[in-house]
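Take these sequences, add in the hints, and give me the full structure.
Just so you know, the sequences run in chain order F and H.
According to the numbering used here, the first sequence is numbered sequentially starting from 4.
According to the numbering used here, the second sequence is numbered sequentially starting from 4.
What the hints contain is simulated information worked out from the structure, not anything from laboratory work.
Each residue gets a CB set at the ideal place from its N, CA and C atoms; glycine is no exception.
Any given hint could turn out to be false.
What the hints assert, rightly or not - Covered stretches of chain F (chain H as the covering partner; in silico rule of three or more C-beta atoms under 8 Å from a C-beta of chain H): (1) 7-13; (2) 147-161; (3) 184-192; (4) 237-249; (5) 256-264.
2 protein chains.
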Amino acid sequence: MRIAIDAMGGDNAPGEIISGVLESIDLLDDIDEMIIVGPQDIIEPQLPSEKSRKGSISVVHAPQVIDMDEQPVESLRNKRKSSIAVMAKMAKLHQVDAVISAGNTGACVAAFQMRMRNLPGVNRPGIAVVFPTFEGPVTICDVGANIACKPINLYQYGVMAKIYSKHLHGIENPRIGLMSIGQEDAKGNEIVKKARGLIKSDPKMNFVGNIEGRDIFKGVCDIAVCDGFVGNVILKLTEGLVDGLFKAIKHELSTEKLRLAMKFKPVIKRIYKKYDYNEYGGALLLGINGTALICHGSSKSRTIKNAILASKNFYTKKINDKIIEYLSQTSVRTDDE
Amino acid sequence: MRIAIDAMGGDNAPGEIISGVLESIDLLDDIDEMIIVGPQDIIEPQLPSEKSRKGSISVVHAPQVIDMDEQPVESLRNKRKSSIAVMAKMAKLHQVDAVISAGNTGACVAAFQMRMRNLPGVNRPGIAVVFPTFEGPVTICDVGANIACKPINLYQYGVMAKIYSKHLHGIENPRIGLMSIGQEDAKGNEIVKKARGLIKSDPKMNFVGNIEGRDIFKGVCDIAVCDGFVGNVILKLTEGLVDGLFKAIKHELSTEKLRLAMKFKPVIKRIYKKYDYNEYGGALLLGINGTALICHGSSKSRTIKNAILASKNFYTKKINDKIIEYLSQTSVRTDDE
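What follows is the structure in C-alpha cells.
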C-alpha cells in the first residue's frame, strides 16, 4: 500500500510528521510505501540517510505550503504546488492509495473532494472523528466537511459511520443516534426531523432516535450523526473543556502539598490517556473515492503514526467497497439533492 | 417584588422547589412576596404552618402538571390549569413580577412568550445561560428558545446578553463572540456570516469576531452568541462531559488506596464547585416582556434559591428597560423578519 503524507501540515510540521513516519515503519508491512510530500530541501535533511533508512520512504517535492488559516478554495487555486494539492492529484492519478494531512482542514476537504471525487451513491462526504469516551468509542460524523446538510446527507453519514464503526471498532451492530435538542420525535429543526424519517425507514440501521449533547458521553450510542457546523462545535468544545478541566485540576493540585500532588499525577495521567484523541490518529473523510485522513493541527508524531496505521486499516478492510454496496442496495432516497 | 414559582417543575419537584423558596426568604426583602403555583393539596402540607412561616409566601392553586417530556404547545392547549400556564397568565395580568420554573423548557418558552409577549424591538426571545468557566462567567445565548435563528436574532442576542452581562456580572464592556467553525470572516454558514456583518456594524458592540467551541473555556469572550440548536447541544454536551470526567476521576480514584482517594476528594470538590451551574440558579429568557427564569430539570433547593435571587437582581436592575432603550437607538436593522 502506498501512503502519502503531507510533511507541512499542522503546527508541528515537518518535525513531528517525519518522526511519525519513521515510527510507523516498523509497524507496516514490507510492501508498504511511505511517500512524504513537501519541500524536498526541508524534508531530506531530516530523514536518515538512504542507506540507513528502514522500509520504503520516498519524498515527492511540493514547494508550496498552505497555511492553517488560509482560505481553502483560494489557497488551492493559488498554490497548485502545495503539498495538499500535490497529494490530492497523486490520489486522483492512483499514484497513492491513501493521503494524510494535519494541515488546513478546509483545504484538505476541498482538494480531496475535487480530485478524488465522491464514492458512487454518496451525495456529500463527511468527516468522522472518534471520541474515546468513558463508555467506549463514539464516532461522530460530520464534524466540518458539510455545514449545510440535507436530510439525505445525514442519513448517509449514519450509513458510512455504521460501516466504519463495525469494521474498524468491531461493533457488530452500532447504535446510531441523531443529534438534536430533545429525544422526542417532534424535537429538532426541519432537516433533523426529515433525516430522522429517512434513518428510521431503513430497517438495517440500529437507530436509537434523537440524542442530546450529553448522550455522547453516556454510552447510549456508538455513532452520533450531525451536520458539520454542529459537529465542529462539538469537537472543539470537547477539546477546550477537557483541556480546561485538566488545567483546573493541575491548578488545584498545585495548591496542595507537593508530595500529595505527585501522588495524583499518575491518576490524572491515566484518565487523560483514556480520553486522548491522539490514539485514533485522525479523522476520516468518509464518502470520498479513496482513503483520506485529516489529523488535528496539533498532531504529534504518535498521532501521525496512528493515522498511518488507521489509513492502512481502512484501506485493507475495503470500507469504501462496503459503503458502495450498502448504498446501492438501500431504498432510502430523496429528491432533495 | 412578587415572584411566582412553579412548584411542579423538574425532577425534584415539589420538595426541592419548596425548600428553595424557604431558603430564599431570609435573603429577600420584607416587601418581597413569594407565590408558589401548583396543586394546593400537595404544596400546603409541605409548608410550615402559616403562623410559623417567615416572609410572605402564598399558594396559587394550579391542579394540572405538564410533564418534562410532553409536547410543549399541545400540552399547553390541553392543560390550561397547569402551573406553567397559570403562572404565565398571572405574569400577563401583572399579578406577578417574575416567573420561575424548572419544568418543561419548551412549554415554559411557549407559555411565557405567548402570554408575556416580546419586549418592544425584540424579534425573538433567547435563553441565556451562564457557564462558570475557569476564566470567568461566559453567557451563552440562545440555548434552545429559537432553533431557526435569523441574523437579526443573533445580533439581538448579542445586545441582550451584553446588557445582562454588564449589569449582572459587572463586566464593563463584555466581549462578544459569534459561535462558528473557524475564526476567519469567511467561515460559517450564511446565517452566521450575515449576523457577523450586523454585529460588526454596531460600534457599541465589543465584538471579538467568530469563536470556536473551544474558545468558550479559553477566556477569549464574555458572551457567546449562537442559534438555539447549537446552544442547546453546547449546554448538554458540557453537562455530559463534565459529569463523565468526574465519574472517570472517581473511578480511577477507587482503584487507588483509600487513604489517597480520601485526600483527593476535597480537591475534586473544589473544582466541581467552581464549575457548578447551580450557582447561577437558572437561565433567563431574554427579550420577554417580564422576568422569566427557566431552571435545570435536576435543580436542587440551592438552584431554586439562587434563581429566586437572580430574578430579583434582573428585575431590580431594570435590564429590560435597558434592552428596550438600546434597541430603540441602534441603527442595525434587517428586513428578514
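Those earlier numbered hints the structure runs against, lowest number first: 1
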